[in-house]
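Chemist: Sequence:
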Amino acid sequence: MQFETYLIFLVTTAVVVFSPGAAAVAVASQGAANGGRRALGGVFGIASANAVYFALSATGIASLIIASNLVFSVIKWAGVGYLVWLGLTALFTPAGAIRVKRSGRQSRLKALFAQGFVIEFANPKALLYFAAILPQFLDINAPIVPQILIMGVTTFLIDLTSYTAYAFLGDRLTRGEMKNWVVGLVNKCAGVALLYAGFRMAGVTVMR
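Every letter in the sequence shown is one number past the one before it in this note's numbering, and letter 26, counting from 1, is 26.
Don't read these hints as lab results, they were simulated from the structure. Be aware that a few hints might be false.
What the hints assert, rightly or not - Distance ranges between label pairs, derived from CB positions:
#, residue 1, residue 2, range
1, Ala-142, Arg-200, 29 to 37 Å
2, Arg-172, Gly-81, 36 to 44 Å
3, Val-118, Trp-85, 39 to 47 Å
4, Ala-22, Ala-78, 19 to 27 Å
5, Tyr-196, Asn-141, 21 to 29 Å
6, Ala-114, Arg-200, 15 to 23 Å
7, Trp-85, Ala-111, 43 to 51 Å
8, Trp-85, Leu-56, 15 to 23 Å
From the three backbone atoms N, C-alpha and C, an ideal C-beta is built for every residue, glycine too.
Given only the sequences and the hints, what does the whole structure look like? Please build it.
Modeler: Pasting the structure below:
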């Protein structure tokens, strides 16, 4: 995998992960109710669910790419379409305030981990994302497994960084809210970045 390709993967994944969504709201709420450090249980739950989806998506993808240009093209354009859809959704979805509220009773770490895992695993967007995006960044002229491991570890670290930030943000904003205009600005920036990534992806070809 070329370094430029890795950077595109890094930026694309970071934009998707850092964009406010259900998992971000959930872990922010955990941080508000239980404190930022305790909410790390939920953060690891979300990251673990995404790791499972990444592994499921990576299984069999390399052989499909090598075997068929048609399959690669279908997957590529599915990935382009998915990124464009994500970008347009981020651009045109009305921004709502992210409200957090602290409760008097704190949850156990295992319970927070399970909650984070279930919330993320019940949302198949991660599976769809990796299944559509992963093939675009694999260089079939280089060993496939190390590339998948690098991208998997990168994704896991991005998940931890992003949701840890949301957890401590929730802790900081206890009994407050993230204002609409802030959420809207983040969504607009994410939408533009995702559309750009989609158009760049349209030019990706298999190197043989």
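Chemist: Taking 15 to 23 Å as the hint, is the beta-carbon distance of Ala-114 and Arg-200 inside that range?
Modeler: 38 Å, violated
Chemist: Between the beta carbons of Trp-85 and Leu-56, is the distance compatible with 15 to 23 Å?
Modeler: 21 Å, holds
Chemist: The hint says 43 to 51 Å between Trp-85 and Ala-111; measuring C-beta to C-beta, is that right?
Modeler: At roughly 34 Å between Cβ atoms, Ala-111 and Trp-85 fall outside 43 to 51 Å, so the hint is violated.
Chemist: Could you say whether the range 29 to 37 Å given as a hint is met by the Cβ separation of Ala-142 and Arg-200?
Modeler: 20 Å, violated
Chemist: Just to be sure I understand the hint, the distance between the Cβ atoms of Val-118 and Trp-85 should be within 39 to 47 Å; is that true here?
Modeler: The hinted range 39 to 47 Å is violated for Val-118 and Trp-85, with Cβ atoms some 25 Å apart.
Chemist: So does Arg-172 sit 36 to 44 Å from Gly-81, Cβ to Cβ?
Modeler: 37 Å, holds
Chemist: Within 21 to 29 Å: is that where the Cβ-Cβ distance between Tyr-196 and Asn-141 falls?
Modeler: Given about 26 Å between the Cβ atoms, the range holds.
Chemist: Would you say the C-beta atoms of Ala-22 and Ala-78 sit inside 19 to 27 Å of each other?
Modeler: 23 Å, holds
In terms of the numbered hints stated before, the structure departs from hints 1, 3, 6 and 7, listed from lowest to highest.
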